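Just so you know, the protein sequences line up as chains A and B, in that order.
Residue numbering for the first sequence follows the numbering used here, beginning at 1 and increasing consecutively.
Residue numbering for the second sequence follows the numbering used here, beginning at 383 and increasing consecutively.
Calculated from the structure, these hints are not laboratory results.
Please note: incorrect hints may appear among the correct ones.
Unchecked claim - Calculated pairs, EDC-like style, for lysine to aspartate or glutamate (alpha carbon to alpha carbon, straight line, at most 16 Å):
hint, chain 1, residue 1, chain 2, residue 2
1, B, K473, A, E59
2, A, K291, B, D420
3, A, K171, B, D420
4, B, K487, A, D136
5, B, K413, A, E232
6, B, K482, A, E283
7, B, K473, A, E283
8, B, K470, A, E232
9, A, K171, B, D484
10, B, K404, A, E283
11, B, K487, A, E283
12, B, K404, A, D136
13, A, K104, A, E59
14, A, K108, A, E59
Here the structure is a predicted model, which is why all the values come from computation and not from measurement.
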Amino acid sequence: MAWKTADIVVIGGGVQGCSSAYHLAKMGVKNIIVVEKGTICSGSSGRCGAGIRAQWGTEMNCRFGKACLERFENLEEELEMNVGLDQSGYLMVAYKDSEFDQLKENIKLQNSLGIDSRVVSKDEAYEICPGLSADDALGFTFYQRDGHADPFFTTFAFMESAKRLGVEFLKFTEVIDIKVENGAVKTVVTDKGEIDTPVVLNAAGGFFHDIAEMIDLELPVHSENHDILVTEPVELGVCPPMLMSFSGNYYLQQRPDGTIVGGCSPVGHPIEYDLRSNFSFLEHMASVFTKLLPRTRDIRVVRQWAGLYNMSLDCQPIMGEAEHVKGFYMTGAFSGHGFMFAPVTGELIAQLIVRGNTDMPIDMLHYRRFAEGKLIIEPAVV
Amino acid sequence: MAGICSEKRQYEEGDIVVCRCKEVTLKEIRKWISRGYDTFDELKRLTGVGMGPCQGRGCRDIVMKEIARMTGKTLEEIGTGTYRPPVKPVKLGMLTEANKEDPWKGKVVSH
Chain A
1 MAWKTADIVV IGGGVQGCSS AYHLAKMGVK NIIVVEKGTI CSGSSGRCGA GIRAQWGTEM
61 NCRFGKACLE RFENLEEELE MNVGLDQSGY LMVAYKDSEF DQLKENIKLQ NSLGIDSRVV
121 SKDEAYEICP GLSADDALGF TFYQRDGHAD PFFTTFAFME SAKRLGVEFL KFTEVIDIKV
181 ENGAVKTVVT DKGEIDTPVV LNAAGGFFHD IAEMIDLELP VHSENHDILV TEPVELGVCP
241 PMLMSFSGNY YLQQRPDGTI VGGCSPVGHP IEYDLRSNFS FLEHMASVFT KLLPRTRDIR
301 VVRQWAGLYN MSLDCQPIMG EAEHVKGFYM TGAFSGHGFM FAPVTGELIA QLIVRGNTDM
361 PIDMLHYRRF AEGKLIIEPA VV
Chain B
383 MAGICSEKRQ YEEGDIVVCR CKEVTLKEIR KWISRGYDTF DELKRLTGVG MGPCQGRGCR
443 DIVMKEIARM TGKTLEEIGT GTYRPPVKPV KLGMLTEANK EDPWKGKVVS H
């Protein structure tokens, strides 16, 4: 006897799961249950760097990025909750000729798609980011509409809206197995009981591939630990844009409350689930802060934490339905960009589930691309 | 025993600031607990309690007791929520001086 029955079970109460559940409910699906092993937004969504950008190097990501900016700009009104949007831009910093050339190529592509990003001079970069010291940089690009939002507020806003539309959220409920019958999803087994459902959406973030394994689907995906820290609040204007460099391996940004957040990728991208903080990151990141923003020497680090990047082979998301199990859908492996894409990808995966087609193409994001050798090569990733 | 304190409580209890770093009031905490945000970490994400420079030293106990009172659970069941390093805020300059490695080494090498 099943504990519950549902029309759709969404696995994961992060921003993808909450956005997807909201969009599914908005499209008229009834009886949606979101299962979350911790609390809502306790995983990668709530630990992320919170950036939102359209400065990408592939047409697909530029289109996604642009669509996401448009959604974020209207999200507060749509969800009736503050999402903490701040559009102070992304300031990209290049330290190598090849890197700057690539950024300029990206700008051309972005401009052709209606994204008004541009190359900026060092003087202009210092005006955009008054605290910056980057005399060793070779070039900068900037797009004013980029920026950041509050991942907690955004995720909770999606959840609250989904709840109003009747979605049920089960926290502290962990999925331990998925039962398949006649090539279709039958039951989601949790540590609290079994939920009978014909449709499952895997939005499990850092544990995306673990859920996929429950239907014997092995994906070229792993998770890695990324550290991040935040300072005490100081007066605004130190680092208004998201300051980011691929070769410099950093991103920094001052939030509307005055605190400054900054993080980097682990060297070599090792597979790592241990989210305990480490001191070497603290020392390294402090050095990056004081080099780039010398005025921060006398301000204090208040907190450090870590989250999982769920990385696919080509650092691009996996979206679509499993080939061998009907009703098993997935949206994950965002490789560090899940938060910014969530308003759009949540809607697209809902469309795929309900209508079988989507407003923007996502076929190329199906995992079959790995077997077919059709990897998506995006130059603008950390 | 009914002195000045109990009189005050009648009028101002909801306006008591439970988190001085982020200026979160008891009223606000109670509102969110009643809406299902009944763990310290969820309240932290939503209101910022415990995320300021004191790292929850002032507010954690108060918030946990309020959750216990409103949900009927014990403090043990509720749990403390996550503690994060550093224990005390540390200056970026001090950490920079302690770092023997050049942060650019091996990353931004040649142009």
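Outcome of the hint check:
1. With a C-alpha separation of about 42 Å, the suggested pairing of K473 of chain B with E59 of chain A is violated against the 16 Å cut-off.
2. Straight-line distance between C-alpha atoms of K291 of chain A and D420 of chain B comes to about 41 Å, which puts the hinted pair past the 16 Å bound.
3. With a CA separation close to 11 Å, the supplied pair K171 of chain A and D420 of chain B stays within the 16 Å bound.
4. With a CA separation close to 13 Å, the supplied pair K487 of chain B and D136 of chain A stays within the 16 Å bound.
5. As the CA atoms of K413 of chain B and E232 of chain A are separated by approximately 27 Å, the hinted pair breaks the 16 Å bound.
6. A C-alpha spacing of about 9 Å is found between K482 of chain B and E283 of chain A, which places the hinted pair at or below 16 Å, so the restraint holds.
7. Distance restraint check for K473 of chain B and E283 of chain A: the Cα-Cα separation of roughly 11 Å lies within the 16 Å cut-off, and the hinted pair is therefore satisfied.
8. Between K470 of chain B and E232 of chain A the alpha-carbon distance is near 11 Å, which keeps this suggested pair within the 16 Å criterion.
9. Of the pairs offered as hints, the one joining K171 of chain A and D484 of chain B is violated, with about 44 Å between alpha carbons and a cut-off of 16 Å exceeded.
10. A threshold of 16 Å between alpha carbons decides the hint, and for K404 of chain B with E283 of chain A the separation of about 27 Å lies outside it, so the pair is violated.
11. About 14 Å separates the Cα atoms of K487 of chain B and E283 of chain A, which keeps this hinted pair within 16 Å; it holds.
12. Of the supplied pair hints, the one linking K404 of chain B and D136 of chain A is violated, its CA atoms being roughly 38 Å apart against a limit of 16 Å.
13. With a CA separation close to 15 Å, the supplied pair K104 of chain A and E59 of chain A stays within the 16 Å bound.
14. Note on K108 of chain A and E59 of chain A: the hinted pairing holds, with a Cα-Cα distance of about 11 Å set against a maximum of 16 Å.
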